[in-house]
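Engineer: Turn these sequences into a full structure, and let the hints guide you.
Heads up: the protein sequence lines correspond to chains A and B, in order. Mapping of the first sequence onto the numbering used here: position 4 corresponds to residue 4, and the numbering continues sequentially without gaps. Mapping of the second sequence onto the numbering used here: position 125 corresponds to residue 320, and the numbering continues sequentially without gaps.
Hints listed in this document are in silico derivations from the structure and should not be mistaken for laboratory results. All of these numbers come straight from a predicted model, not from anything done at the bench.
Quick list of simulated restraints, FRET-style, between CB atoms:
| id | chain 1 | residue 1 | chain 2 | residue 2 | range |
| --- | --- | --- | --- | --- | --- |
| 1 | A | Leu-194 | B | Ser-427 | 28 to 38 Å |
| 2 | A | Ser-60 | B | Asp-397 | 39 to 49 Å |
| 3 | B | Ser-427 | A | Pro-132 | 14 to 24 Å |
Simulated crosslink set (DSS-like; lysine-lysine; CA at most 25 Å straight-line):
| id | chain 1 | residue 1 | chain 2 | residue 2 |
| --- | --- | --- | --- | --- |
| 4 | B | Lys-389 | B | Lys-219 |
| 5 | B | Lys-389 | B | Lys-224 |
| 6 | A | Lys-76 | B | Lys-438 |
| 7 | A | Lys-98 | B | Lys-438 |
| 8 | A | Lys-192 | A | Lys-145 |
Ideal placement from N, C-alpha and C gives every residue a C-beta, glycine not left out.
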Amino acid sequence: MPDFGIDPVSIDVGHLVRRNVASLYSSLVTRPTGQAVRLAIENLLADEVARFSLSIIDLSQVTIIDFSCADEVVAKLLLRYLGDERPKDAFFVFRGIKEQHRGPIEVVLERQSLAIVAEGETGAFQLIGPVPLHEERAWEVLEEKGSVARADLDGAFPESDARRALESLVDRRVAFRSPRSGDYWALSFLLKKLA
Amino acid sequence: MQIIPVPGNLEWSAFDQLARELAKGGEQKILFDARHLRWVDPGGIVGLLAAGAIARQRQGDPPRLQLSEAGDVATYLARMNFFEAADSLFELDIRPPRRSWSSSDVLLEVTPITTNTDIHAVVDRVQQQAGAILSRTLNYAPSAVVQFSVILSEVCQNIIEHAEAPGWVAAQSYNWAKRLGRQVLILSVMDVGKGFRGSLADTHAARFGDRWGDATALEAAFIHGLTRFPDSGRGQGIQQIRKQVRRWDGAISIRSGTARIADVPPWDDTPPLEENLPAFPGAQIHMVLPAHGADDA
Numbered sequence: 001m002p003d004f005g006i007d008p009v010s011i012d013v014g015h016l017v018r019r020n021v022a023s024l025y026s027s028l029v030t031r032p033t034g035q036a037v038r039l040a041i042e043n044l045l046a047d048e049v050a051r052f053s054l055s056i057i058d059l060s061q062v063t064i065i066d067f068s069c070a071d072e073v074v075a076k077l078l079l080r081y082l083g084d085e086r087p088k089d090a091f092f093v094f095r096g097i098k099e100q101h102r103g104p105i106e107v108v109l110e111r112q113s114l115a116i117v118a119e120g121e122t123g124a125f126q127l128i129g130p131v132p133l134h135e136e137r138a139w140e141v142l143e144e145k146g147s148v149a150r151a152d153l154d155g156a157f158p159e160s161d162a163r164r165a166l167e168s169l170v171d172r173r174v175a176f177r178s179p180r181s182g183d184y185w186a187l188s189f190l191l192k193k194l195a
Numbered sequence: 196m197q198i199i200p201v202p203g204n205l206e207w208s209a210f211d212q213l214a215r216e217l218a219k220g221g222e223q224k225i226l227f228d229a230r231h232l233r234w235v236d237p238g239g240i241v242g243l244l245a246a247g248a249i250a251r252q253r254q255g256d257p258p259r260l261q262l263s264e265a266g267d268v269a270t271y272l273a274r275m276n277f278f279e280a281a282d283s284l285f286e287l288d289i290r291p292p293r294r295s296w297s298s299s300d301v302l303l304e305v306t307p308i309t310t311n312t313d314i315h316a317v318v319d320r321v322q323q324q325a326g327a328i329l330s331r332t333l334n335y336a337p338s339a340v341v342q343f344s345v346i347l348s349e350v351c352q353n354i355i356e357h358a359e360a361p362g363w364v365a366a367q368s369y370n371w372a373k374r375l376g377r378q379v380l381i382l383s384v385m386d387v388g389k390g391f392r393g394s395l396a397d398t399h400a401a402r403f404g405d406r407w408g409d410a411t412a413l414e415a416a417f418i419h420g421l422t423r424f425p426d427s428g429r430g431q432g433i434q435q436i437r438k439q440v441r442r443w444d445g446a447i448s449i450r451s452g453t454a455r456i457a458d459v460p461p462w463d464d465t466p467p468l469e470e471n472l473p474a475f476p477g478a479q480i481h482m483v484l485p486a487h488g489a490d491d492a
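Structural biologist: Below you can see the structure in the form of structure tokens.
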């Protein structure tokens, strides 16, 4: 188990769309729909008591996501919890991203220089977004190891560039550093530990 | 009474003739004489509705619309749900025929767009029908249904977010055997709102100085992705639509105010930018998506 308090949150976006927009087909289209879904997610997170939360944003039941909704439900959601004014320390893993979702999501991530961790249909995790190559490599190392204790950091990431890349991933919220021990966790590994 | 002849061949670009005639008008009642209308496409249908809306706004009373009861045009217009949309805009001189036939070429009947719920309905409806036309008729990959639905959503949102006025959308496939030697899908969206210049003026006009006008506003939105919103997440819709239409070797144009801007594929001879067209309030977005060869899918 993690050595700190963290709330696991599972959010079915298809369900939120149906509840908020009454769309039979779970189409995530139009900006007001995206705003309604994002606010619903933010309200769910506000109810969590722990300082940290790790949420699964599940798009499995979403048939279509347009650029306006991708901007709201992905980019603006991430931006809300990246800034200094963030209401809490929220981390996200996106599940159920199908090929038809990728175009709009990649476009909004590119536009805002953001990245997300996504769990594919096979269960493998990947980093999506405009991430420099050295950060991508650092993410892959952490993903493969699951977690790296602070004491083992130099061994796992011998080059200072790689260690800086790891810090950048933490800042981007696609990797987690324990506030207590300073250990690094892949979000996928954290998810498994919380399951 | 001002009589405005409706061209016999009413496709999207023929709207300019209606706009020119409308621009001449004064206070007198308008009669749209469509008795010689023989062919109309989605661009022509939404254009006729827009012309009716402009005339109605100007006069307060609905203009008259004369259609020939002979031939297939009235029946086709009924099939496209034209008369439902026209009911509040025109005084009709004929009793609308009943929808007596269906066509598998029609992807989307004329649909008014006034709320976001309308966009949800349109996107959901198209997903049920688009597969057959995009895959079988145009030889597009199966994923094209989703890409087309996203395009449809974004162009319809343009009406609600920027026009602040009602608009309409329609789509149908045609065999452009003579013109292009291929099937095409035509998607047309039109509104009678404030237009691109009106939408962008408050936030962008000052920086363009004397150059500001309909063409500059269209270039700002179409080429540079500017919107009236300060939010950096805005303005992606049109840019991404252009990219997708280019991937499909399609054509897209936007007409607003007195100008038209277009992405023109090699098979099309539309000018990339036209100015000094007859003025009309609002915007017309028109796309032509040609069929791929069987191997392209």
